[in-house]
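Using the sequences and the hints, build the whole thing.
Be aware that the sequence shown starts at 1, since it is given in this note's numbering, and climbs by one per residue.
Mixed in with the good hints there might be a few duds.
Claimed, not checked - Restraint ranges, calculated between C-beta atoms of paired labels, are given here: (1) 22 with 69: 34 to 40 Å; (2) 75 with 28: 29 to 35 Å; (3) 58 with 35: 16 to 22 Å; (4) 16 with 37: 17 to 23 Å; (5) 4 with 47: 26 to 32 Å; (6) 28 with 71: 23 to 29 Å; (7) 53 with 75: 40 to 46 Å; (8) 23 with 60: 21 to 27 Å; (9) 46 with 2: 22 to 28 Å.
No lab work stands behind these hints: they were computed from the structure.
Heads up, the beta-carbon is just placed ideally off N, CA and C, and yes, glycines get one too.
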Amino acid sequence: FGETMAVLMASGHAINIPDSVFDSVRALTATIAAELGETAVGSDHYGALFTLGIFLFIITFIINLTADLVVRGIRKK
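Okay, structure coming up:
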């Protein structure tokens, strides 16, 4: 949770779409951390934040699975 808060503070906490690489952004984890505490359970906003969490889990799972397959492939050689 500490890493999420560090990203939230370092990224400028901006909710807009950046026009350049140097504009402020907000990571998905920071969005969940910043907004979940004030969101009513069962609302559309809560569902959207929950969906973001599932999306992040799926991406992390795919990256970890791919890395595991690569490492196993290297070990077999």
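Do residue 23 and residue 60 keep their Cβ atoms within the hinted range of 21 to 27 Å? At roughly 26 Å between Cβ atoms, residue 60 and residue 23 fall inside 21 to 27 Å, so the hint holds.
Supplied distance hint 40 to 46 Å, evaluated on CB atoms of residue 53 and residue 75: Violated: the Cβ-Cβ distance is about 33 Å, outside 40 to 46 Å.
Cβ separation of residue 75 and residue 28, checked against the hinted range 29 to 35 Å: holds (33 Å)
Quick check: does the Cβ-Cβ distance between residue 4 and residue 47 fall within 26 to 32 Å? violated (20 Å)
Residue 71 and residue 28 - C-beta distance against the hinted 23 to 29 Å: holds (26 Å)
If you check the beta carbons of residue 46 and residue 2, does the distance land in 22 to 28 Å? holds (24 Å)
With respect to the beta-carbon atoms only, verify the hint that residue 22 and residue 69 lie 34 to 40 Å apart. holds (36 Å)
Please check whether residue 16 and residue 37 have a Cβ separation lying inside 17 to 23 Å. The hint (17 to 23 Å, Cβ to Cβ) holds, given that residue 16 and residue 37 are roughly 22 Å apart.
Satisfaction of the hinted span 16 to 22 Å by the C-beta atoms belonging to residue 58 and residue 35: Between residue 58 and residue 35, where Cβ atoms are some 20 Å apart, the hint holds.
When held up to the earlier numbered hints, the structure conflicts with 5, 7 and fits the remainder.
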